[in-house]
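There are 2 protein chains.
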Amino acid sequence: MRLAIDVMGGDQGPHAIIAGSAKAAVEHPGLQLTLFGPRQRIIAEISRLPQPLAAAASRLVPCDAPDSITPSTSAAWALRNGHSTSMVHMLRSVAQGEAAAGVSAGNTAALVALARRELGMIEGISRPAISTAIPARQGRRCYLLDLGANVDSPAHRLVDFALMGAAMAQCIDGTVMPRVALLNVGAEATKGSASVREADRLLREYASTSHGAFDYQGYAEGGDLFKGQFDVVVCDGFVGNAVLKASEGLTSMLVERVQMAFESRLSGRLASLLAKPVLKRLKKELDPVRYNGASLLGLRGIVVKSHGSTHADGFYYAIQRALQEVEHNLPARIAGRWQASGSDLNGAS
Amino acid sequence: MRLAIDVMGGDQGPHAIIAGSAKAAVEHPGLQLTLFGPRQRIIAEISRLPQPLAAAASRLVPCDAPDSITPSTSAAWALRNGHSTSMVHMLRSVAQGEAAAGVSAGNTAALVALARRELGMIEGISRPAISTAIPARQGRRCYLLDLGANVDSPAHRLVDFALMGAAMAQCIDGTVMPRVALLNVGAEATKGSASVREADRLLREYASTSHGAFDYQGYAEGGDLFKGQFDVVVCDGFVGNAVLKASEGLTSMLVERVQMAFESRLSGRLASLLAKPVLKRLKKELDPVRYNGASLLGLRGIVVKSHGSTHADGFYYAIQRALQEVEHNLPARIAGRWQASGSDLNGAS
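Chains S and B, in that order, are what the protein sequence lines are. No gaps in the numbering here: position 70 of the first sequence is 70 in the numbering used here, and each next residue is one more. Heads up, the numbering used here is the position in the second sequence plus 1000, with the first residue counted as 1.
Keep in mind that a hint or two might mislead.
Computed cross-link-like contacts, EDC-like style, restricted to lysine to aspartate or glutamate with a CA-CA straight-line distance of at most 16 Å [claimed, not checked]:
(1) S:LYS283 - B:GLU1256
(2) B:LYS1280 - B:ASP1313
(3) S:LYS280 - S:GLU263
(4) S:LYS276 - S:GLU256
(5) B:LYS1284 - B:GLU1263
(6) B:LYS1276 - B:GLU1263
(7) S:LYS283 - S:GLU327
(8) B:LYS1227 - S:GLU256
(9) B:LYS1280 - B:GLU1263
(10) B:LYS1283 - B:ASP1313
(11) S:LYS283 - S:GLU256
(12) S:LYS227 - S:GLU256
(13) B:LYS1276 - S:GLU263
(14) B:LYS1280 - B:GLU1256
(15) S:LYS227 - B:GLU1256
(16) S:LYS276 - B:GLU1263
(17) B:LYS1283 - B:GLU1256
(18) B:LYS1283 - S:GLU256
Don't read these hints as lab results, they were simulated from the structure. Everything numeric in this text was worked out from a predicted model, so none of it was measured.
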């Protein structure tokens, strides 16, 4: 199996991305990773890999792409001028079937726009959505989407998100009948924006006519995300992005405060022994994008976005996520779901 | 000074609200609280107050309002049929100048709609906004608005939120030049919904023409809310509601997890001694609406919404917030800000 890796665009530079790639290669002996970026720089980074990572060096194959897309590059600029960038080369490798999936820690807006052009969309879906699983109570997790690829989403796009999220939960977590909810400001039918109320109507009609796709549970509120009672929560990308980033910011502040509070009450050594391991694990668990990446859904291929500020471990987990999606052939599952439900949805809308 | 209290509508019933009111009365010897609700029930609750709360019983004045608005009542129903409810009686008491401010733990949508009708809006503002201060790094706090009174907010309404939030930070926290930001999916000018980009343009124009109102800092992302670098962050009510409720849910899950993690590593007794006080304080600090209530801004009077599931302490803090707003005459400050900036804003829009 071969994956395509964009080594540029992460805040930590190619070093972290190549180390994360090497870690994945060490763990999966059948895996080969094509690394797109400035060839000399990649070769230099590979040659500096410590053991045991260096053992996988022969399965990290540099592929020259002289340019890169920066965090401030606009999607429009990337579409016009990105031809020789590592991100476009990586996506083309997926589009041409040379790689089973692609992973990038670069600019999200550019990645969404370029992936849409290079890979194309599954029939019936107009734009990619971004999703990740957030941790919930009772060891459960909840796929939240969209996380920022779509703003001002009309009702039919929210319905698309529901179908894609349900396919994701079925595929990756093996949830037979995912419980899907629509994020709103309250549980009452009279509340919410026009597009959310219309999406609720479409999803209710869809749920009443189709069989076996998912279990539509109506509205959820922001606090319900972490309760473990839904497998998928659907919202416009502006809302999902704000919620996810606020959650990351809050987790980081909370963990810092708990740490300070313990350090002020315990001796430094005792605090380190007792509190730090607990807090470190929690932080990791509760910052899903930084640690596990996010999936671009709706494309005719698999693309995983690793967090921009990711370190080697985060990039390694993003590769793991890409491998899971390859194993379950997620795009085919989503396309199948679309064909099966197309007539119901057309009937409903 | 007299405040008007709606004793109905909280999840914990009138008991918690009357106990919270009594606590405020004990603390402020010049304060009288008119309690609106079923008279016999109020009298019975007052007679059961323990010491030292019972000492303030004479300053808790029952005022009969036989009906109440339930959490599931729609705003439309409340406007049509709410005349004899405790919420409407409380608001009329504020509108008629009998009380300096009103506090309710009831249905938010009904409270917003009824307050708008009974108190009227400050000239130039079309709808109330809901705001609370969320805790941020370095002991700072950040006013977030709107929290759910307005969905699908057009650009000019987001500008209204900025002015009201700035007045709030100046008034309550004494921040001379509040740093105001607009929530978006990214810091780049090309990102975001049409209304957010238009509001950014209006706020930039406003900032360049007006003097001394606030310091407009451009876009913020969800994670910036807790960093302490902004005094006010403005967003549509759908987004603010989702972010705030998700933050509440996450805090509660996080605190639970930290607690479990410590209990599994320490003996129960040691965990109780070390971890519980720290976590309890954190939970309180990080759940601002439950503990401090939220303000309805833009009205010609002061109305504070206490959290529906509040206990006596939470209601007590909501009363404290109302008293602060009375002390600084917040509606007059907002109205003054509007008059001062009206010409600039008209010029900008």
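Tested hints:
Of the pairs offered as hints, the one joining LYS283 of chain S and GLU1256 of chain B holds, with about 14 Å between alpha carbons and a cut-off of 16 Å not exceeded. The suggested pairing of LYS1280 of chain B with ASP1313 of chain B holds, with an alpha-carbon distance near 14 Å, which does not exceed 16 Å. Among the hinted pairs, LYS280 of chain S with GLU263 of chain S is consistent with the structure: their alpha-carbon atoms are about 15 Å apart, no more than 16 Å. Restraint check for LYS276 of chain S and GLU256 of chain S: the C-alpha separation of about 10 Å stays at or below 16 Å, so the hint holds.
With a C-alpha separation of about 20 Å, the suggested pairing of LYS1284 of chain B with GLU1263 of chain B is violated against the 16 Å cut-off. Straight-line distance between C-alpha atoms of LYS1276 of chain B and GLU1263 of chain B comes to about 10 Å, which keeps the hinted pair within the 16 Å bound. Among the hinted pairs, LYS283 of chain S with GLU327 of chain S is inconsistent with the structure: their alpha-carbon atoms are about 28 Å apart, more than 16 Å. With a CA separation close to 12 Å, the supplied pair LYS1227 of chain B and GLU256 of chain S stays within the 16 Å bound.
Straight-line distance between C-alpha atoms of LYS1280 of chain B and GLU1263 of chain B comes to about 15 Å, which keeps the hinted pair within the 16 Å bound. Among the hinted pairs, LYS1283 of chain B with ASP1313 of chain B is consistent with the structure: their alpha-carbon atoms are about 14 Å apart, no more than 16 Å. Taking the CA atoms of LYS283 of chain S and GLU256 of chain S, the gap is about 10 Å. The hint holds against a cut of 16 Å. In summary, the hint linking LYS227 of chain S to GLU256 of chain S is not supported, as the alpha carbons are separated by about 23 Å, beyond the 16 Å threshold.
Only pairs whose Cα atoms come within 16 Å are accepted, and LYS1276 of chain B paired with GLU263 of chain S is accepted, the gap being roughly 14 Å. For the hint pairing LYS1280 of chain B with GLU1256 of chain B, the CA-to-CA distance comes to about 10 Å; that is within 16 Å, so the pair holds. Only pairs whose Cα atoms come within 16 Å are accepted, and LYS227 of chain S paired with GLU1256 of chain B is accepted, the gap being roughly 12 Å. Under the criterion of a C-alpha separation no larger than 16 Å, the hint pairing LYS276 of chain S with GLU1263 of chain B is consistent with the structure, at around 14 Å.
For the suggested pair LYS1283 of chain B and GLU1256 of chain B, the alpha carbons sit about 10 Å apart, so the restraint of at most 16 Å is met. About 14 Å separates the Cα atoms of LYS1283 of chain B and GLU256 of chain S, which keeps this hinted pair within 16 Å; it holds.
Checked against the numbered hints given earlier, this structure breaks hints 5, 7 and 12; the rest are met.
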